[in-house]
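As they're listed, the protein sequences go chains P and L.
Per the working numbering, residue 1 is the first one in the first sequence, and the count goes up by one each step.
Per the working numbering, residue 1001 is the first one in the second sequence, and the count goes up by one each step.
To be clear, the hints were calculated from the coordinates, so they are not data collected in a lab.
Idealized CB from N, CA, C, for every residue including glycine.
A hint or two may mislead.
[Claimed, not checked] Which bits of chain P does chain L cover? Going by a derived footprint, with three or more residues having C-beta under 8 Å, they are:
1) 37-50
2) 72-80
[Unchecked claim] Distance condition first, Cα-Cα at most 27 Å in a straight line; then the derived DSS-like pairs of lysine-lysine:
3) K1042/L / K1057/L
4) K1022/L / K44/P
5) K1042/L / K1099/L
6) K14/P / K1068/L
7) K57/P / K1058/L
8) K1099/L / K57/P
9) K1042/L / K57/P
10) K57/P / K44/P
11) K9/P / K1037/L
12) K1107/L / K44/P
13) K1107/L / K9/P
14) K1068/L / K9/P
15) K1107/L / K14/P
16) K1042/L / K14/P
17) K44/P / K1068/L
18) K57/P / K1057/L
19) K1068/L / K1042/L
[What the hints assert, rightly or not] Under 10 Å between C-beta atoms, here's a sample of chain L residues computed to sit facing chain P:
20) Q1038
21) Q1045
22) K1058
23) V1087
24) T1101
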Amino acid sequence: NAGVTQTPKFRILKIGQSMTLQCAQDMNHNYMYWYRQDPGMGLKLIYYSVGAGITDKGEVPNGYNVSRSTTEDFPLRLELAAPSQTSVYFCASGEQGRNNSPLHFGNGTRLTVT
Amino acid sequence: GENVEQHPSTLSVQEGDSAVIKCTYSDSASNYFPWYKQELGKRPQLIIDIRSNVGEKKDQRIAVTLNKTAKHFSLHITETQPEDSAVYFCAACERGYQKVTFGTGTKLQVIP
């Protein structure tokens, strides 16, 4: 049981490049989330998904896209990377619903855009 | 939507003293309140949580209290140790709702 796995751990992008941050969970959780954390700051929700085929925007979705074709995978796509997207990205999963449960976080992807 | 405020943003205590972090939330429909600890360069990890039908919960040196009427909840750490130094985040989750709203974090420093 690996929990939430994120790849890559680190990445440097040039302005205008694109990339996909991978996230996979093996706990059969229905809910998955992408957060970004700027240095010394809190967690801001980018996108979330309540199940396969369903995604919705969080508070800072601009410049990002997501898909949820399976329960296990929730990739985050950056198109036309900008310096403002330099951050640490955390993927999380949980069994939300009537009996809310805690979020399980991946180890994060540290992205630098120069 | 839900708004969670967290205070203080930084907190320094002497080893062995207690630390208290407070959060307020805006949506009375929120019913689940987890606390996460994030060590430097690491991922946030759950340390304790409380549901709206409970007023207090304790786990060894850590306790959380919830006042639904006032819409605030607090984290209490007793007999602090240097390994308690980290950033702590509170969060609120609405009944049947998908989003978990986090507070802005409290950087706790325990001075040996």
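Return the numbers of the hints above that this structure violates; sort them in rising order.
Going through the list in order, the structure violates hints 2, 6, 7, 14, 15, 18, 19, 22 and respects the others.
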